[in-house]
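Got chain A; can you put chain B on it based on the hints?
As given, the protein sequences belong to chains A and B, one line each in that order.
In terms of our numbering, the first sequence is residues 1 to 305.
In terms of our numbering, the second sequence is residues 1 to 306.
It is possible that some hints are incorrect.
Claimed, not checked - Here are the simulated lysine-lysine pairs, DSSO-like style, with alpha carbons at most 30 angstroms apart:
1. A/K299 <-> A/K183
2. A/K6 <-> B/K24
3. B/K20 <-> A/K183
4. B/K303 <-> A/K183
5. B/K110 <-> A/K6
6. A/K117 <-> B/K24
7. A/K111 <-> B/K110
8. A/K41 <-> B/K250
9. A/K71 <-> A/K41
It should be emphasised that the hints constitute simulated quantities derived from the structure, not laboratory data.
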Amino acid sequence: MTIDIKKKMDSAVHVFLMIVAAVSILITFAIVWVLIADTVKFFSHEEGGGFPLSIIRFFTETEWTPTFLNKQIGIWPLVNGTFMIALISMLISVPLGLIVAVYLSEYASWKVRETVKPWLDFLEAVPTVVYGYFALLFITPLLQKILLNFGIEMQGMNALSPGIVIGIMILPFTASMVEDSLKGVPQDLREASYALGSSRLRTAFLVVIPAAKSGIISAYLLGFSRAIGETMVVAVAAGMYPQITANPLEPIQTITGYIVQVALGDLPYGSFEYLSIFAAGFALFVITLIFNSIAVYLKSKSMGY
Amino acid sequence: MQIEEKKVGFDINYYIKKVKFSDKSFELFGLFCIFLVMTFLFAVCLDLLLDGLVRIKDKNFYLSFPSRFPQEAGILSAWVGTIYVMAGATFWAIVLGVPTGIYLEEYGGKGKIARIIEANISNLAAVPSIVYGLLALGIFVYRFGFGESILTAGLTLGILMLPVIVVSTRESIRRIPISIREAAYALGATRWETIFHHVLPYSIGGILTGLIIGISRAIGETAPLITIGALTFIAFLPTPIWESFFEMLKSPFTVLPIQMYNWVSRPQEEFHTNAAAAGFVLLVLAFLMNAIAFYIRFRVRRKYQW
Numbered sequence: 001m002t003i004d005i006k007k008k009m010d011s012a013v014h015v016f017l018m019i020v021a022a023v024s025i026l027i028t029f030a031i032v033w034v035l036i037a038d039t040v041k042f043f044s045h046e047e048g049g050g051f052p053l054s055i056i057r058f059f060t061e062t063e064w065t066p067t068f069l070n071k072q073i074g075i076w077p078l079v080n081g082t083f084m085i086a087l088i089s090m091l092i093s094v095p096l097g098l099i100v101a102v103y104l105s106e107y108a109s110w111k112v113r114e115t116v117k118p119w120l121d122f123l124e125a126v127p128t129v130v131y132g133y134f135a136l137l138f139i140t141p142l143l144q145k146i147l148l149n150f151g152i153e154m155q156g157m158n159a160l161s162p163g164i165v166i167g168i169m170i171l172p173f174t175a176s177m178v179e180d181s182l183k184g185v186p187q188d189l190r191e192a193s194y195a196l197g198s199s200r201l202r203t204a205f206l207v208v209i210p211a212a213k214s215g216i217i218s219a220y221l222l223g224f225s226r227a228i229g230e231t232m233v234v235a236v237a238a239g240m241y242p243q244i245t246a247n248p249l250e251p252i253q254t255i256t257g258y259i260v261q262v263a264l265g266d267l268p269y270g271s272f273e274y275l276s277i278f279a280a281g282f283a284l285f286v287i288t289l290i291f292n293s294i295a296v297y298l299k300s301k302s303m304g305y
Numbered sequence: 001m002q003i004e005e006k007k008v009g010f011d012i013n014y015y016i017k018k019v020k021f022s023d024k025s026f027e028l029f030g031l032f033c034i035f036l037v038m039t040f041l042f043a044v045c046l047d048l049l050l051d052g053l054v055r056i057k058d059k060n061f062y063l064s065f066p067s068r069f070p071q072e073a074g075i076l077s078a079w080v081g082t083i084y085v086m087a088g089a090t091f092w093a094i095v096l097g098v099p100t101g102i103y104l105e106e107y108g109g110k111g112k113i114a115r116i117i118e119a120n121i122s123n124l125a126a127v128p129s130i131v132y133g134l135l136a137l138g139i140f141v142y143r144f145g146f147g148e149s150i151l152t153a154g155l156t157l158g159i160l161m162l163p164v165i166v167v168s169t170r171e172s173i174r175r176i177p178i179s180i181r182e183a184a185y186a187l188g189a190t191r192w193e194t195i196f197h198h199v200l201p202y203s204i205g206g207i208l209t210g211l212i213i214g215i216s217r218a219i220g221e222t223a224p225l226i227t228i229g230a231l232t233f234i235a236f237l238p239t240p241i242w243e244s245f246f247e248m249l250k251s252p253f254t255v256l257p258i259q260m261y262n263w264v265s266r267p268q269e270e271f272h273t274n275a276a277a278a279g280f281v282l283l284v285l286a287f288l289m290n291a292i293a294f295y296i297r298f299r300v301r302r303k304y305q306w
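Just chain A, with the same shape it has in the complex (with noise of 0.2 angstroms):
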């Protein structure tokens, strides 16, 4: 008897975990449907033109500007600050990530190792919000003053600095998923390299990272999704200008910014500028899932070993 009521506590119990689990699907869901349901709204909205040719206005046109009365709705100039930030990130984000993973993973005593990931694991817990601070308070300025001593003028809004940032507030993610790629590569490759007399400078360049290789790849594509959803360094520190160009030194809009300009102000359910914020975040999310499908193919690519 109670042996029985035992086994159905059991099978209860396995059926209510299953559910509870199943309700990460259940977001997923509600996370694509939303955003479709409100960006079909978007394109079939009067204020854009109607169904078919709004989302070649989305396409072709090259302003944007749906809070505006005139209203222009090409998303180019959004996309383009997001890339031009993600870019900049990327250039302080993977040599200094590389060196900093090699330098853990192939030199660093144990001792050393576990002295710095804890205050890597607190960089990354930094509220990004305080490093928009910075970005825009103490970054800008002194490059502000640097560039001056070249005669070039930087505006107090501009895509370097925040993209500077962010290339050092990602590294502790990107530098622990190379290291992880690295620390993946089995040990013969690197004893056969000393056998041959190699440095570990020599083996880690030549050897360890060569066979590394697909999985750095994905932690840095890893990073670059992160960089163009980063949000608060953006939006306090890179201006609210959207524009399409290629001078870090001005000020743009990425579209996570856009997202928090719009939000900010009362919107209407239902306005057209309410609609635009997940038209763009439905872009975002594209973009950031190319991205991490990538990643994820060329990290199943590197189980080779």
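For chain B alone, coordinates are given in the frame of chain A:
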């Protein structure tokens, strides 16, 4: 052939020295890069401390509401709001995350459902946080009608923390040796009894560590809360929980990072001082939580040696 040609001027000792030198230089360079990153972190902390020192020392800063006058403005509503919101987020993260972790590790195995859920969790972890804000705005705020409330904010941050909690739950459960489980089964315990009486108590340290790390990330999250329309100027406290639980859940709120963002985006420099002070409070919170997590991990590692 090449070797023979070189042989005339080739000094093996010199070559070894050169290789050793470049090896050593890279080691120093690596240390230097880490030092650079640490300097950055240190500069952030110091910058906020120096900029905000006047307000950090000021007791009234913690006890007054935001105000038009920078010298009178404080973070009372912000830190109270942060506590309420984080309590909600922690609740949802535990309720959703721990069972999911247990299911994936103990029941799911290599089954199809488990694999789908697993892939899904890692996808969720890579979604930008502001997209969670859009989810909350579109579904919780308007379609469910929860409004711009503590309930919505807690749910949103709880969902945001979910992947961290699931991963840490799984990792700490995985560390429990199979022999513990088999001993319990041998005594006639069901699977659930084994988990509840043996596996969970042993892995609680790891789960707790993950939870604290998750909270420390979520406490600084600003973007999703701005998206759901957290107000930046709140000169009152939420309805206290002891008066009415549901009124509390429905209260509008502000949190520390949003208050800081509001101050930093103003042109007046006096408000920047407040922003720096609020940022320093956030930094201290993040530091404390990471330190606690570090300590628990250290303790657990020493306590259970399988």
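Here is what the structure says about each hint:
1. A/K299 <-> A/K183: holds, 14 angstroms
2. A/K6 <-> B/K24: violated, 64 angstroms
3. B/K20 <-> A/K183: holds, 23 angstroms
4. B/K303 <-> A/K183: Cα-Cα ~27 angstroms, so holds.
5. B/K110 <-> A/K6: Judged against 30 angstroms, a Cα distance of about 25 angstroms means the pair holds.
6. A/K117 <-> B/K24: holds, 22 angstroms
7. A/K111 <-> B/K110: Violated, because 37 angstroms separates the two Cα atoms, which is more than 30 angstroms.
8. A/K41 <-> B/K250: holds, 28 angstroms
9. A/K71 <-> A/K41: holds, 16 angstroms
Consistency note: the structure conflicts with the earlier hints numbered 2, 7.
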